[in-house]
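Chains as they are written, first to last, in the working numbering: chain W, 308 to 538; chain L, 308 to 538; chain E, 308 to 538; chain P, 308 to 538.
What the hints contain is simulated information worked out from the structure, not anything from laboratory work. Just so you know, not all the hints are guaranteed correct.
Quick list of simulated restraints, FRET-style, between CB atoms [to be verified]:
hint, chain 1, residue 1, chain 2, residue 2, range
1, E, Asp368, P, Asp358, 18 to 28 Å
2, P, Asp358, W, Pro395, 54 to 64 Å
3, L, Asp358, P, Ala469, 50 to 60 Å
4, P, His488, W, Val374, 50 to 60 Å
5, P, Thr372, W, Glu343, 27 to 37 Å
6, P, Gln370, W, Val374, 37 to 47 Å
7, P, Ala469, E, Asn462, 31 to 41 Å
We treat Cβ as the ideally placed atom computed from N, Cα and C, and that holds for glycine.
Residue strings, one per chain:
Number of protein chains: 4
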Amino acid sequence: MLLKDLRTAVLEANLEIVRRGLVLYTFGNASGVDREQGLMVIKPSGVDYDDLRPEHMVVTDLQGTIVDGALKPSSDLDTHTLLYREFPSIGAIVHTHSEFATSFAQAGLSIPALGTTHADYFYGAIPCTVPLSDEACGGRYVHETGVAIVQHFQNNAIDPLAVPACLVAGHAPFVWGKDAHDAAHNAVVLEAVAKMAYKTLTLVPGHPGVSQALLDRHYFRKHGATATYGQ
Amino acid sequence: MLLKDLRTAVLEANLEIVRRGLVLYTFGNASGVDREQGLMVIKPSGVDYDDLRPEHMVVTDLQGTIVDGALKPSSDLDTHTLLYREFPSIGAIVHTHSEFATSFAQAGLSIPALGTTHADYFYGAIPCTVPLSDEACGGRYVHETGVAIVQHFQNNAIDPLAVPACLVAGHAPFVWGKDAHDAAHNAVVLEAVAKMAYKTLTLVPGHPGVSQALLDRHYFRKHGATATYGQ
Amino acid sequence: MLLKDLRTAVLEANLEIVRRGLVLYTFGNASGVDREQGLMVIKPSGVDYDDLRPEHMVVTDLQGTIVDGALKPSSDLDTHTLLYREFPSIGAIVHTHSEFATSFAQAGLSIPALGTTHADYFYGAIPCTVPLSDEACGGRYVHETGVAIVQHFQNNAIDPLAVPACLVAGHAPFVWGKDAHDAAHNAVVLEAVAKMAYKTLTLVPGHPGVSQALLDRHYFRKHGATATYGQ
Amino acid sequence: MLLKDLRTAVLEANLEIVRRGLVLYTFGNASGVDREQGLMVIKPSGVDYDDLRPEHMVVTDLQGTIVDGALKPSSDLDTHTLLYREFPSIGAIVHTHSEFATSFAQAGLSIPALGTTHADYFYGAIPCTVPLSDEACGGRYVHETGVAIVQHFQNNAIDPLAVPACLVAGHAPFVWGKDAHDAAHNAVVLEAVAKMAYKTLTLVPGHPGVSQALLDRHYFRKHGATATYGQ
C-alpha cells in the first residue's frame with residue numbers, strides 16, 4: 308500500500324482530535340505529506356470517524372490530483388495542498404471547528420500570547436486572517452482560504468513552524484506541525500490556549516499579553532538548539 | 308405494528324439528543340411524520356429515556372387525535388402537529404432545552420450566522436420569535452407556540468428547510484429536518500453553533516455575522532443541486 | 308434499623324447529586340424528615356460518598372439531638388433542622404456547592420425566571436438572602452444561615468414548595484422538596500437553570516424575565532390540580 | 308528504594324490532578340519533601356502520566372542536586388526547591404495549568420474570597436504575583452518564579468499554609484499543602500473556586516468578596532484548634 312506509515316499516522320491524527328473533543332460529527336480533517344515523493348495523504352470527505360481505516364485515506368499530489376483512493380478527499384483539500392506548497396517546512400495539517408478557537412475565528416480576533424501555555428507552543432499571537440472577499444467566496448473558495456493564511460504569514464514575516472496555527476476569519480482554525488502527531492498535538496493545545504484566552508479577555512478586555520522576554524523564555528525552553536524540556 | 312420503521316427512527320432521534328447531552332431528565336422530545344398516511348409518531352410525556360421502546364411511541368393524526376398508543380403523548384404535541392400542517396416539507400421535529408440554544412431563546416435573541424459551521428446547516432440567522440402574548444399563554448398555549456414559529460417564518464419568507472430551527476422566546480428551540488435522523492442532527496449542530504455564538508458575541512458584542520457570499524458558499528456546498536460535500 | 312426506607316432514600320439523594328456533577332469531594336449533603344416521628348436522617352460529615360451506606364446516616368430529632376448513629380452529622384445540621392421546623396410542608400433538603408448556582412449566591416443575585424425550564428419548577432425568582440451579619444457569622448452561624456432563608460421566605464410571603472430553593476449570599480444553594488427524590492431532582496434542575504441564567508444575563512444584562520402569564524402557564528402545567536405533564 | 312512511601316504519595320498526587328481534569332498532556336507536576344532527610348521527590352520532565360511509576364520519580368536535595376533517578380526532573384524544579392527552602396511548613400507542591408486558575412494568572416488578577424467554598428480552604432484572596440521582570444525572564448527564570456511567589460507572601464505577611472496557593476502572573480498556579488494528598492486536593496479546590504469566581508466576577512465586576520467575619524467562620528471551621536468539620 309502506497310505511503311502505508313503516513314496513512315496510519317494521518318488516521319491516528321484524525322482520531323486524536325476526536326478523542327480530545329475537538330470534532331463534532333465529521334467537522335474536521337487531518338493530512339500529512341511525504342516531501343520526497345511529493346504526495347500527501349488526507350481524510351476522505353464526510354466519513355464517520357468510527358469507520359475510518361488507513362486504506363480509506365486518499366493520496367494526492369500537491370496539486371490535489373488523486374493518485375490513490377476510492378473515496379473523495381476532504382472538501383478542504385485545496386487549502387491543504389496550497390499550505391504544503393507554500394510552507395515547505397510543515398509536514399502535516401489539521402483542521403477542526405473546535406469550540407473556542409472557532410469562536411475567536413468567528414469574532415475575527417487573533418489570540419494574543421497571554422501566558423506560558425501559549426508561549427510554550429506559539430511564538431507570538433495566533434493570527435486571524437482578514438475575511439475572505441466576495442470574489443474569493445464566489446471563486447476558488449477553498450484555495451482562497453489557503454491564500455488568506457499564506458498571505459498573512461508572508462506579509463507579517465511569520466515562520467509557520469514558530470506559529471503553527473492560523474484562524475480563518477468567519478470559519479475556524481488550521482493547525483500544522485512537523486508531522487501528523489505534532490499537528491494534532493498543536494490543535495489540542497490551541498483549543499486549550501483559546502479556552503483560557505477567552506476567560507482572560509472577558510476578565511480583562513484588551514489584555515496586551517505577556518512580555519517579549521517571557522515569550523522568548525518559554526518558547527525557546529521547548530524549541531530550538533537551547534531546548535531543555537522533556538527527556 | 309403501525310408505522311414500525313418510523314417509531315424506530317423517532318426513538319433513535321430521542322436517544323441521539325440524550326447521548327449528545329442536549330436533554331436533562333425528560334426535557335426533550337422528538338417526532339416524525341408519515342405524509343402519505345397523514346400520521347405522526349411522538350415520544351410519550353415524561354417517560355424516562357432509559358425505558359423508551361418503539362412500542363411506547365404514540366401515533367396521532369395531524370390534528371393530534373391519538374390513533375395508537377397506551378401512553379399520553381408529549382405535552383408539546385400541539386406544537387408538533389401545527390408545524391407538520393404548516394411546514395409540509397419537513398419530516399421530523401426535535402424539541403430540547405439544550406443549554407446554549409435555550410439561553411439565546413431566554414435572551415430573546417436570534418443567532419446570527421457568525422461562521423461556516425452555522426452556514427453549513429442554516430441559511431441565515433436562526434430566528435427567535437416574539438414573546439407569546441398573555442392571551443396566547445392563557446389560551447391554547449402549546450398551539451400558540453407553534454403559531455409564533457410559523458408566523459415568524461411566513462412573515463419573513465424563510466424556507467423551513469433552509470433554516471431548520473427556531474428559538475421560541477422565553478422557552479427553547481424547536482428544530483426539524485427532512486427525517487428524524489436529520490432533525491436530531493440539526494438539533495446537535497444548533498447547540499454547537501449556539502455555544503460558539505455565545506463566545507463570539509461576548510468577545511465582540513453586536514457582531515453582524517459573515518458576508519452573504521460566505522453564507523452562500525458554505526450553505527450550497529452541503530445543500531441543493533450543487534452540493535459537493537461527502538461521498 | 309430505625310427509619311430504614313428514609314435512610315435509603317436520603318442516601319440515594321446524596322448519590323444522585325454526585326452522579327449529576329453537583330458535588331466536588333464532600334461538598335454537599337442531603338437529609339429527609341419523618342414528620343410523624345419528628346425525626347430526620349442526614350448524611351454524616353466529611354465522609355467519602357463512595358463509602359456511604361444507609362447505616363452511616365445519622366438520625367436526629369428536629370432540635371438536632373442525635374437519636375441514632377455512630378458518626379457526626381453534617382456540619383450544616385442546624386440549617387436543616389431549622390428549615391424542617393419552619394417549613395412544615397417540605398420533606399427533604401439538599402445542599403450543594405454546585406458551580407453556577409453557587410456563583411449566583413456568591414454574586415448575591417437571585418435568579419429571575421428567564422424561561423420555561425425555570426417556570427416548570429420554580430414559581431418565580433429563586434431568591435438570594437442578604438449577607439449574614441457579622442454577629443450571625445460569629446454566633447450560631449449554621450442556625451443563622453437557616454434564619455436568613457426563612458426570613459426571606461416569610462418577609463416575601465413565598466411558599467417554600469412553590470419556590471423550592473434559596474441561595475445563601477456568599478455561600479451556596481439550599482434546595483428542598485416533598486421528599487428526598489424530589490429535593491435532589493430540584494437541585495439538579497436548579498443547576499441547569501442557573502447555567503442558562505448565567506448565559507442569558509451575560510448576553511442581556513438586567514433581563515427582567517418572562518411574563519407572569521408564561522410563568523403561570525408552565526408552573527401550573529406541572530403543579531397543582533390542573534397539572535397535565537407526565538403519565 | 309530511597310523514600311519509597313514519598314514516591315508513591317507524589318505519584319498519586321500527580322495522578323489525582325490528571326483524574327480531576329487539571330492537566331492536559333504533561334502540563335503539570337507534583338513533588339513532596341522529606342524534611343528530616345532534606346530531600347524531595349518530583350515528577351520527571353515531559354513523561355506521559357500513563358507510564359509513570361514510583362521508580363521514575365526523581366530525588367534531589369533542596370538545592371536541586373539529583374540524588375537518585377535516571378530521568379531529568381521537572382523543568383520547574385528550581386521553583387519547587389526554593390518554595391521548600393523558604394516555606395518550611397509545607398510538605399508538597401503541585402503545579403498545573405488548570406483552565407480557570409490559569410486564566411486568572413494570565414489576567415494578572417488575584418482571586419478574592421467570594422464565598423464559603425473559598426473560605427473553607429484559603430484564608431483570604433489567592434494572590435497573583437507581579438509579572439516577572441525582563442531580567443528575571445532572561446536570568447534564572449525558574450528560580451525567579453519562586454522568588455516572585457515568596458516575595459509576595461513575605462511582603463504581605465501571608466502564612467503559606469493559610470493560603471496554600473499562588474498564581475504566577477502570565478503563567479499558572481502553584482499550590483501546596485502539608486503533604487502530597489493535601490496539595491493535590493488544594494489544587495482541585497483552587498480550580499473549582501476559580502471556576503465560580505470567574506462566573507461571579509463576570510456577573511458582578513469588582514465584587515469585593517465576603518466579610519471578614521464569614522471568612523473567619525468558614526476557615527476556622529476546617530482549620531486550627533477549633534475545627535469542627537469531618538469525623
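Hints the structure fails to honour: Those not satisfied are hints 1, 2, 5, 6.
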